[in-house]
Amino acid sequence: MSVLVLLSIILFVLMAIVGGKKGVKSFIALFLNFGVLIITILVMNDPNANPIWLTLLACTFISAISLFYINDVNSKTTMAFFSTIITLVILFFFIIIITEQSMIQGFGAEESEELMTFSLHIGIDFVKVATSVIIMSTIGAIVDTAISITSPMREIHHHNPTITRKDLFMAGIRIGRDILGTSTNTLFFAFFGGYMGLLIWFKDLSYSFGEIINAKVFNDEMITILTAGMGVALVIPIASWMTSYYLVTMGTKKK
Amino acid sequence: MKTWIQKQTKKQLFIYFLIVASFIGSIIFVNHNHAFYERPIAKVTEAIETDRTETVDQHQNQDIIVNQQITAEVQNGTYKGESIHINNEYSGSHAYDHSFQPGDEVFVTIDDSSHTGTIEDVKRDKYLILVAWLFSIILLVIGKRQGLLSVISLAVNAAILSFALDIYLQNSDISLLIICGISIVLFTVISLLMVNGRNEKTYTAIIATLLGTLSSLLIAYLALFMTGEQGLRYEEMSFLSRNPQTVFMAGLLIGSLGAVMDVAITMSSSIFELYEKNNQIKLKTLKASGIDIGKDIMGTMTNILFFAYVSGSIPMLLLYFKNASPLGFTLSMNLSIELARALAGGIGIVLTIPIAIYTSIFFIQRKRARI
Numbered sequence: 001m002s003v004l005v006l007l008s009i010i011l012f013v014l015m016a017i018v019g020g021k022k023g024v025k026s027f028i029a030l031f032l033n034f035g036v037l038i039i040t041i042l043v044m045n046d047p048n049a050n051p052i053w054l055t056l057l058a059c060t061f062i063s064a065i066s067l068f069y070i071n072d073v074n075s076k077t078t079m080a081f082f083s084t085i086i087t088l089v090i091l092f093f094f095i096i097i098i099t100e101q102s103m104i105q106g107f108g109a110e111e112s113e114e115l116m117t118f119s120l121h122i123g124i125d126f127v128k129v130a131t132s133v134i135i136m137s138t139i140g141a142i143v144d145t146a147i148s149i150t151s152p153m154r155e156i157h158h159h160n161p162t163i164t165r166k167d168l169f170m171a172g173i174r175i176g177r178d179i180l181g182t183s184t185n186t187l188f189f190a191f192f193g194g195y196m197g198l199l200i201w202f203k204d205l206s207y208s209f210g211e212i213i214n215a216k217v218f219n220d221e222m223i224t225i226l227t228a229g230m231g232v233a234l235v236i237p238i239a240s241w242m243t244s245y246y247l248v249t250m251g252t253k254k255k
Numbered sequence: 001m002k003t004w005i006q007k008q009t010k011k012q013l014f015i016y017f018l019i020v021a022s023f024i025g026s027i028i029f030v031n032h033n034h035a036f037y038e039r040p041i042a043k044v045t046e047a048i049e050t051d052r053t054e055t056v057d058q059h060q061n062q063d064i065i066v067n068q069q070i071t072a073e074v075q076n077g078t079y080k081g082e083s084i085h086i087n088n089e090y091s092g093s094h095a096y097d098h099s100f101q102p103g104d105e106v107f108v109t110i111d112d113s114s115h116t117g118t119i120e121d122v123k124r125d126k127y128l129i130l131v132a133w134l135f136s137i138i139l140l141v142i143g144k145r146q147g148l149l150s151v152i153s154l155a156v157n158a159a160i161l162s163f164a165l166d167i168y169l170q171n172s173d174i175s176l177l178i179i180c181g182i183s184i185v186l187f188t189v190i191s192l193l194m195v196n197g198r199n200e201k202t203y204t205a206i207i208a209t210l211l212g213t214l215s216s217l218l219i220a221y222l223a224l225f226m227t228g229e230q231g232l233r234y235e236e237m238s239f240l241s242r243n244p245q246t247v248f249m250a251g252l253l254i255g256s257l258g259a260v261m262d263v264a265i266t267m268s269s270s271i272f273e274l275y276e277k278n279n280q281i282k283l284k285t286l287k288a289s290g291i292d293i294g295k296d297i298m299g300t301m302t303n304i305l306f307f308a309y310v311s312g313s314i315p316m317l318l319l320y321f322k323n324a325s326p327l328g329f330t331l332s333m334n335l336s337i338e339l340a341r342a343l344a345g346g347i348g349i350v351l352t353i354p355i356a357i358y359t360s361i362f363f364i365q366r367k368r369a370r371i
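Those sequence lines, one after another, are chains A and B. The numbering used here puts the first residue of the first sequence at 1, with every later residue one more than the last. The numbering used here puts the first residue of the second sequence at 1, with every later residue one more than the last.
Worth double-checking, as some hints may not be accurate.
The list that follows gives simulated cross-link-like pairs (lysine-lysine, DSSO-like), each with its CA atoms no further than 27 Å apart [to be verified]: (1) 144/B x 80/B; (2) 282/B x 22/A; (3) 284/B x 367/B; (4) 25/A x 367/B; (5) 21/A x 126/B; (6) 287/B x 21/A.
Restraint-style ranges between C-beta atoms, simulated for each label pair [what the hints assert, rightly or not]: (7) 116/A x 64/B: 31 to 41 Å; (8) 235/B x 250/A: 51 to 61 Å; (9) 116/A x 50/B: 20 to 30 Å; (10) 50/B x 47/A: 21 to 31 Å; (11) 49/B x 60/A: 32 to 42 Å; (12) 174/A x 200/B: 46 to 56 Å; (13) 54/B x 116/A: 22 to 32 Å; (14) 281/B x 111/A: 51 to 61 Å; (15) 72/A x 200/B: 30 to 40 Å; (16) 72/A x 26/B: 42 to 52 Å.
It should be emphasised that the hints constitute simulated quantities derived from the structure, not laboratory data. If you're wondering where the values come from, they're calculated on a predicted model, not measured in any experiment. Ideal placement from N, C-alpha and C gives every residue a C-beta, glycine not left out.
The task is simple: from the sequences and hints, build the whole structure.
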């Protein structure tokens with residue numbers, strides 16, 4: 001049996017034991033998301049497809065699966081969904097500019113040996129692909145932060161129906177501040193775990209400080225981590241504002 | 001703006017001033033640090049397109065190849081101030097090449113006799129520092145004190161990691177796993193203490209994190225052992241100067257740590273919150289609420305790891321597909337390591353939920369016994 005199959009079975013069993021029906025749903029959502037990712041990559045192969053629009057579309061599906069499928073459609077998941085999409089659109093503009101300027105797209109000189117047998121003139125714009133990679137790396141964390149803010153905000157509004165919009169907004173920001181540190185940490189360790197080999201390589205080949213901080217592979221990694229952190233931070237005011245606006249202003253209108 | 005300034009204390013204003021000053025200072029520095037580099041740097045002053053051809057490769061992929069004649073001014077070293085000529089060729093896909101515009105700065109090698117040069121790499125330090133500052137400023141503006149603490153703890157963790165790798169490289173007889181194990185204890189204790197202070201909540205989270213990471217490592221080891229590592233393609237790991245299996249296990253350990261820590265602190269702080277709101281709360285009720293919270297977070301947490309790992313493979317997957325590699329081969333060649341990491345991390349996340357519940361209850365019972 002392959003390692004991946006065995007690990008998947010273990011994860012499934014654990015999720016089912018600890019999470020019951022919701023755990024099973026979470027596991028299925030993971031597989032659906034994997035499917036969305038693979039289909040997106042397959043469509044990206046078409047030279048006429050724009051990787052940026054494809055990524056935005058894929059992220060919409062991924063957030064919908066992670067939010068609506070696991071937690072049903074309700075005001076907290078809807079607000080989390082819209083704040084995720086708005087954050088992504090803002091991030092897109094920033095990432096496109098920075099990848100173009102810093103030229104971190106594609107493959108680094110360190111990878112050239114492995115690419116010898118491949119044709120690199122494949123007609124896909126790798127600057128756009130690099131933007132997609134950064135957005136995709138952070139989508140999970142943005143969705144997680146968004147739902148962690150909108151869900152307790154709804155509880156607060158439920159228990160204090162007279163709360164003002166500003167107070168509710170500030171409550172959202174305070175919740176966000178508490179999770180900001182742990183979420184950026186999660187991303188940080190995930191990336192550094194993945195790039196252990198690269199760090200050891202730099203040290204083994206005694207790269208100088210100047211060589212490391214200008215190397216494409218290193219910049220690619222650092223810019224991804226930092227932009228992902230920005231995404232997690234940006235979704236906090238966006239989700240707090242949207243939820244407080246929706247719950248207080250829209251709530252009064254209905255009456 | 002004026003009322004805003006009046007509202008701030010002197011200490012706050014001083015900190016803001018310090019941040020703005022070091023931001024401006026460091027940006028000016030990286031834009032004028034050419035003298036600190038031994039490699040020659042040139043700034044593109046003119047780039048003229050000389051030729052543009054359409055190509056079709058052996059897999060019928062259409063692309064364009066463009067030639068540029070670049071004039072650049074050397075910024076440092078013996079040729080400082082002189083102009084050199086560079087030929088640059090790039091493709092429309094930019095997978096391994098770059099197109100340059102006036103103003104771009106590049107590392108070059110210079111041919112002494114002919115005043116021509118070859119581009120080695122792009123000078124990226126100025127963009128890196130800009131992004132690092134933007135990240136820190138956004139975190140500070142939104143997170144205030146907690147934002148500052150997160151930036152500091154990231155920097156401390158990076159320093160510990162770098163230091164730990166140095167020790168590993170100098171003493172290769174010490175196992176990387178042992179060094180990572182020690183670093184993990186340091187990461188956990190420092191990050192959690194710094195962000196949450198010294199209290200039972202933090203101690204609970206520390207114990208739950210360490211137990212959760214340890215058990216996910218054991219399960220991953222067991223799974224690798226039982227299957228004889230079938231299906232893992234270590235050759236996909238780029239940048240390897242060491243035994244791939246060790247690097248993989250160490251990366252797996254560090255990679256799942258952040259997520260496990262996140263779950264542990266979320267669980268312990270909500271369970272302690274429930275206890276503090278109602279000291280008489282039944283342990284059974286605490287357990288049930290804990291499981292409910294756990295159910296809510298396990299889906300999105302495993303998603304974080306999954307996307308953080310897998311999306312990095314997108315460029316390589318595209319390259320394989322465009323070079324007519326079959327679907328199954330491409331996926332197994334490029335995703336096995338990332339998927340294994342994401343699955344093992346997911347196992348760590350799910351296991352940490354009950355571990356954190358029982359550790360919290362243990363501390364709460366001890367607290368009650370004291371009263």
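Here is how each hint holds up against the structure:
1. 144/B x 80/B: Not OK: residue 144/B and residue 80/B at ~45 Å, beyond 27 Å, violated.
2. 282/B x 22/A: holds, 24 Å
3. 284/B x 367/B: Measuring from Cα to Cα gives roughly 17 Å; hence the hint holds.
4. 25/A x 367/B: violated, 37 Å
5. 21/A x 126/B: violated, 50 Å
6. 287/B x 21/A: holds, 18 Å
7. 116/A x 64/B: 31 to 41 Å: Violated, at about 22 Å.
8. 235/B x 250/A: 51 to 61 Å: With a Cβ separation near 55 Å, residue 235/B and residue 250/A satisfy 51 to 61 Å, so the hint holds.
9. 116/A x 50/B: 20 to 30 Å: holds, 27 Å
10. 50/B x 47/A: 21 to 31 Å: holds, 25 Å
11. 49/B x 60/A: 32 to 42 Å: holds, 38 Å
12. 174/A x 200/B: 46 to 56 Å: Between residue 174/A and residue 200/B, where Cβ atoms are some 22 Å apart, the hint is violated.
13. 54/B x 116/A: 22 to 32 Å: holds, 24 Å
14. 281/B x 111/A: 51 to 61 Å: Distance hint for residue 281/B, residue 111/A holds at roughly 56 Å.
15. 72/A x 200/B: 30 to 40 Å: holds, 35 Å
16. 72/A x 26/B: 42 to 52 Å: holds, 48 Å
In summary, the numbered hints that this structure violates are 1, 4, 5, 7 and 12.
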